[in-house]
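J.: Take the sequences, apply the hints, and build the full model.
If you're matching them up, the sequences are chains A and B in order. Mapping to our numbering: the first sequence position 105 is 105, numbers consecutive. Mapping to our numbering: the second sequence position 31 is 31, numbers consecutive.
It is worth saying that the hints were derived from the structure and are not from the lab.
Just so you have them, the derived chain B footprint on chain A, three or more residues with Cβ under 8 Å:
1) 79 to 90
2) 95 to 102
3) 165 to 177
In silico SDA-like links for lysine to any residue, alpha-carbon gap of 25 Å or less:
4) A:K85 - B:H76
5) B:K165 - A:T231
6) B:K24 - B:A78
7) B:K165 - A:F16
8) B:K165 - A:L299
9) A:K85 - B:W68
10) B:K165 - A:S165
11) B:K165 - A:G168
12) B:K165 - A:A228
13) A:K199 - A:W266
14) A:K85 - B:D30
15) A:K85 - B:E87
16) A:K85 - B:R110
17) B:K165 - A:H20
18) B:K165 - A:L230
19) A:K85 - B:D32
20) A:K85 - B:G73
21) A:K85 - B:L84
22) B:K165 - A:G246
23) A:K85 - B:G111
24) B:K165 - A:S175
25) A:K85 - B:V31
26) B:K165 - A:V18
27) B:K165 - A:L227
28) A:K85 - B:S109
29) A:K131 - A:E53
30) A:K85 - B:N86
31) B:K165 - A:P17
32) B:K165 - A:A303
33) A:K85 - B:N88
34) B:K165 - A:Q236
35) B:K165 - A:P176
36) B:K24 - A:E83
37) B:K24 - A:H20
38) B:K165 - A:S98
39) B:K165 - A:Q234
40) A:K85 - B:L89
Owing to the predicted nature of the structure, the values given are computational and were not obtained by experimental measurement. All C-beta atoms, glycine included, are put in the ideal place defined by N, C-alpha and C.
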Amino acid sequence: MMPIDVDIAGRNAETFPVLHVWGWEIALYLFLGGLAAGLLILSGWMHRRTAAERLSPAVAWVAPLLAPVVLSIGMFALFLDLENKWNVWRFYTAFRWSAPMSWGAWILALVYPASLLFGWAAWSEFGPAGKRWVTGAPFPLRREIAGLNIAAGVALGIYTGILLSALGARPLWNSPLLGPLFLLSGLSAGAALLVLIEKDHEWRRTLARLDVRFIAAEAVVLTLFFLALLTGGQAQRASAELFFGGPYTAIFWVAVGFLGMALPVWLERLEERGKVAHSAVAPVLVLFGGLALRAVLVLAGQASHWEVLL
Amino acid sequence: MPRYGMAIDLRTCMGCAACVVACKVENRVDVDAFRCRVTQRSRGEFPNVHLEILSERCNQCSDAPCVWNCPTGASHYAEGGVVLVNENLCTGCKACLAACPYDARFINSRGVAEKCTFCLHRVKEGLEPACVSTCPSRAMIFGDLDDPSSLLVQTLGARNHRALKAEAGTRPNLFYLE
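T.: The following block contains the structure:
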């Protein structure tokens with residue numbers, strides 16, 4: 001027999017507000033966490049592979065300083081989401097290996113001081129003369145600190161996706177591809193922010209090219225993510241349908257697919273060929289797309305469930 | 001060590017919501033929240049339509065994702081495999097709400113995750129959970145799933161039954177008799 005009607009009054013957050021799970025705070029945190037991860041990985045990588053004198057100010061010290069700032073705002077959003085803020089310290093009196101959120105709390109406890117140290121190292125060596133805290137001398141272990149921040153950034157970038165993947169109750173999220181997807185989206189957002197603040201023409205070109213590659217890789221992972229859902233069980237297919245004819249179709253394909261990925265790639269290609277002048281439009285769109293991706297996945301995930309199997 | 005479970009008879013449950021009220025009174029649940037609820041589903045195609053009334057609550061899963069997703073250990077297994085929340089440890093991060101396939105949890109006015117406890121405080125004193133003892137049609141059976149002589153085990157052995165969303169793989173201990 002086909003179910004023809006399910007009365008769910010009192011069983012979802014719309015009709016029953018106490019069932020609210022995650023809103024804009026978590027979406028913003030997932031975006032800013034990914035962005036900080038992207039900044040740390042990219043600037044850390046540049047610090048390791050490029051001679052000190054060839055680094056532009058944006059990658060040399062602005063990005064390493066921005067990462068902990070971005071992360072701080074993200075962590076504040078995370079704090080705002082906690083319903084019992086007095087108990088926030090309880091995250092650090094336990095380590096629960098089976099709980100991704102516990103891993104996340106401890107990863108933040110590692111990433112945050114590491115990014116501050118990187119910011120300090122980068123600023124003291126490359127910051128504007130006269131404003132450095134450690135005047136101009138090569139900072140001891142700067143390259144090693146950059147390496148540590150690459151590792152920390154990868155952990156942070158992947159975990160923002162794993163956090164949702166672990167929640168088997170929401171079939172949309174329950175995919176191992178969410179970790180790599182969020183990491184690539186974070187790298188693309190990080191590259192876009194660097195393009196936005198970069199003044200050196202050559203560096204901007206390099207970073208914009210890198211961004212196009214990250215977006216291309218992100219599109220491949222996103223395709224695999226949907227393929228895995230569409231070829232999965234009934235609950236997985238139903239969750240994929242949220243994006244193919246369901247309530248999240250328009251917002252996802254317009255905000256994430258077109259505005260956040262296709263349009264900026266097209267613009268970057270035109271800028272590369274000199275057909276349009278370089279502008280802030282493409283990187284701003286990429287950043288918007290990264291935020292929209294998190295927001296749509298956080299909301300749509302909560303609309304996906306096992307109800308179809310009742 | 002008992003392993004508590006519950007069976008609800010779909011033939012005799014009439015959706016009166018006495019269980020919901022009894023639970024609210026017994027556990028002093030917030031005005032706008034419920035630890036248990038009655039939902040209705042209609043299935044089939046006209047004119048062969050079937051209305052199903054379900055008294056729903058925490059399924060006290062043996063493999064509970066709320067427990068293993070809790071970052072502080074606030075959600076834990078207590079006596080008889082009952083899943084409880086330690087208010088002193090709960091940060092209100094809502095990982096357990098997101099992890100529960102049954103949407104059986106909510107955040108209460110103290111900012112803490114709350115859910116059905118099988119009235120463990122009553123069970124420890126030899127009483128039945130408030131919903132079970134209130135049910136006017138005696139549609140609910142509470143007992144020890146490991147005790148072959150219990151009415152619960154004997155009824156489950158004698159009647160067709162199913163768990164909700166068993167495919168979610170959480171090994172629920174709440175059964176519906178068909």
